[in-house]
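**Student:** From first to last, the protein sequence lines are chains A and B.
Numbering of the first sequence is given in this note's numbering, commencing with residue 120 and proceeding in unit increments.
Numbering of the second sequence is given in this note's numbering, commencing with residue 120 and proceeding in unit increments.
Simulated from the structure, these hints should not be mistaken for lab results.
Please read these numbers as outputs of a predicted model, since none were measured by experiment.
Among the hints, a few may not be true.
[Said to hold, decoys possible] With the Cβ distance kept under 7 Å, some of the chain A side facing chain B (calculated, not the full set):
(1) Met120
(2) Phe150
(3) Val181
(4) Val237
(5) Met428
(6) Pro429
(7) Val430
(8) Val432
(9) Ile433
(10) Val440
(11) Gly446
(12) Ile447
(13) Arg454
Where a beta carbon is used, it is the ideal one built from N, C-alpha and C, also for glycine.
There are 2 protein chains.
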Amino acid sequence: MNYAVIMAGGKGTRFWPISTPQRPKQLLSLFDGETMIEATMKRVESLIPLQNQRIVTISEQVALIQQHVAKLEDSNFIIEPFAKNTAPCIGLAAVTLMKQDPDALMVVLPADHQIDDVKQFQEVLQRAISVVEQRDAIVTIGIKPTRPETGYGYIQFEREEVNGGIHRVVTFAEKPNRDTAIRFLESGEFLWNSGIFVWSARRIVSEIEDYLPELYAALMEMMAASGTEEAEERIRRAYQSVKPISIDYGVMEHTPNAYVVPGPFGWSDVGSWDEIYRLSEKNEDQNVLRGRVFTIDTHDSYVVSELEMPVAVIGMSGVIVVQTEEGILVCPRNRDQDVREMAEKVQKSRQQNGKRQ
Amino acid sequence: MNYAVIMAGGKGTRFWPISTPQRPKQLLSLFDGETMIEATMKRVESLIPLQNQRIVTISEQVALIQQHVAKLEDSNFIIEPFAKNTAPCIGLAAVTLMKQDPDALMVVLPADHQIDDVKQFQEVLQRAISVVEQRDAIVTIGIKPTRPETGYGYIQFEREEVNGGIHRVVTFAEKPNRDTAIRFLESGEFLWNSGIFVWSARRIVSEIEDYLPELYAALMEMMAASGTEEAEERIRRAYQSVKPISIDYGVMEHTPNAYVVPGPFGWSDVGSWDEIYRLSEKNEDQNVLRGRVFTIDTHDSYVVSELEMPVAVIGMSGVIVVQTEEGILVCPRNRDQDVREMAEKVQKSRQQNGKRQ
């Protein structure tokens, strides 16, 4: 059977003050009313029904996610004892699914990405599923780049098709600098790394055994412990020892069995305020304005208030001004990479204040 | 006897969101804990004791001012039925004082200006008082300009002294453009118009009779009505008919009896956010930071929060970010002249919201 494995581990300091530990990015409704995790689930529902969808997250997040997505049952969750990056998360999902269904096929999806053309996305995903069904491969979806983006990882592929629209992966490339990104774009041989994967549970566990033996051992210990009296404690301990590593570093860069299906649907990892601005509908001044906000002579800006208190912006261009109960952020769009540092600064001060009181 | 007449009519839209109709500029503590009106009163207290100080304001402001300045009694107030600019305000104060003390000498002071060197200010004021006592003149204090300011009115004076440090006024000049302001500064013949005046009550009433006969008639009607049964109604009606006009336009520009005493003390009318920034003490990044504010790579900025909610500013230079219960203002320092328009925009929307509810 086919399963969706939705990774919902985001901590969301990049979107302070809208996102917080209590409200990570996947639970935000950044575009059209729906939270990102709901949109992710709905997007694959025609291929994988809800009862076969699994959300992998830490236990603290389960109640929060259920608050936002009412239809979810406990059986829709796979609980990680700790957030440990994607390889442990995917490994845990794989061994958990295999226990229920040794032939489980997994579609791995980040919970907080944005896709423009859902129909095309579903077609590409169906093609990837077919490849996995036919040749038990490790398949990832690569996005046709539309600009020399320096914020994404890239996948280089062999020009020659293996099958209709399927290519062997040559290599995974880290976030490039601007010149390299331009070269990647011009070569026509590179795709953006979407973090969407399709494989059988058995196959990815076998790859983990080959390339991440310590993680494999921990996963086996967790499976062995499951159902015993000390299950909780043993599972915790096993997972605690696991090194946080991404599936890209841990497996994809090493395996010779990786294939990629290029996806021409619009995609974004929605990784920054500037990206949210880019993806949002703008008014005639190229502003995105939401809530009780007022502007005079302001352009190319993202101004959002979640409170009754008005936000007034005069004579600014290309800025982000966001007000929530958590606080107010004022930041040029091209400085949005500093938001994480600011969020940590504010949270640290809050903790210190808390201690003093 | 000598009296201080403190004009406290400010509406304060220029300092939105800190100032509001309920909290005009004279009631703000912009610099050091004291409200501007308190500082104004204290500054002249050694020359004019509290019981001889009069605050001229509309009745709605009396309770508000008393809230902030506890020591004030009802006898310290002269109530204007409406705010009508400085000539009616000063005329009303003059006729009111004359009734108590026909020989009253008035020192007229705006309630919301900032003075750096209080001792020097007191010396200059004492000199002006002496001149009025000796020759019953119309005397104003002019500030030695330190920059080609385009936001102030100017006073041209005769180079030759009439007396120690006293000059005849040649003319009053409106706010100049930049080139004219530079010419004024270079000529050495111009002073900033501080709005501080010294004269006998009798004398200014006589000047008003000459140059503003309608205002004079209204003031006489008000005095006649005072104490009668229909006093309140007659006084209101008389004052309502009065044209709002400044004492500069109405009297100073016409009278041949105007003298000016140059004041070398630092002075500001604190007319804009940028001016408040200029007058405030800055940290090593040339920032003025107050309240729960956080900055990364931010310079030359004024960031103030009155609320618990943190204000976080990243990568900005020369901006004003102010948060109060009224709202949040984000504005480059050199666009502060648009704050009034913004305040009106926000207030209008609030009224419309109010009506809809």
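**Student:** Now, for every hint given, state plainly whether the structure supports it.
**Tutor:** These are the hints, each one checked on the structure:
Look at methionine 120 (chain A): its Cβ only gets to about 47 Å from chain B, farther than 7 Å, so that hint breaks. Below 7 Å, beta-carbon pairs count as interface contacts, and phenylalanine 150 (chain A) has none with chain B, the closest being about 24 Å; its hint is therefore violated. Violation of the interface hint for valine 181 (chain A) is found here, the shortest Cβ-Cβ separation to chain B being roughly 29 Å, above the 7 Å cut-off. At its closest, the beta carbon of valine 237 (chain A) sits 34 Å from a beta carbon of chain B; the interface hint therefore is violated under the 7 Å criterion.
The criterion of a C-beta within 7 Å of any C-beta in chain B is met by methionine 428 (chain A), whose closest approach is roughly 5 Å, and the hint holds. Checking proline 429 (chain A) against chain B by beta carbon gives a least distance of about 4 Å; that is within 7 Å, so the hint holds. With a cut of 7 Å, the hint placing valine 430 (chain A) at the interface with chain B holds, because the nearest CB-to-CB distance is about 5 Å. The beta carbon of valine 432 (chain A) is positioned within 7 Å of a beta carbon in chain B (closest approach about 5 Å), and the interface hint is therefore held.
Interface hint at isoleucine 433 (chain A): satisfied, since its Cβ lies 4 Å from the closest Cβ of chain B, which is below the 7 Å cut-off. Evaluation of the valine 440 (chain A) hint against chain B yields a held restraint, the C-beta minimum of about 5 Å falling below 7 Å. Here the hint on glycine 446 (chain A) is kept, as its CB sits about 4 Å from the closest CB of chain B, short of 7 Å. For isoleucine 447 (chain A), the interface hint holds, the least distance from its beta-carbon to any beta-carbon of chain B being 5 Å, beneath 7 Å.
Because the beta carbon of arginine 454 (chain A) sits about 4 Å from the nearest beta carbon in chain B, less than 7 Å, this interface hint is met.
Consistency with the previously given hints fails for numbers 1, 2, 3 and 4, ordered from lowest to highest.
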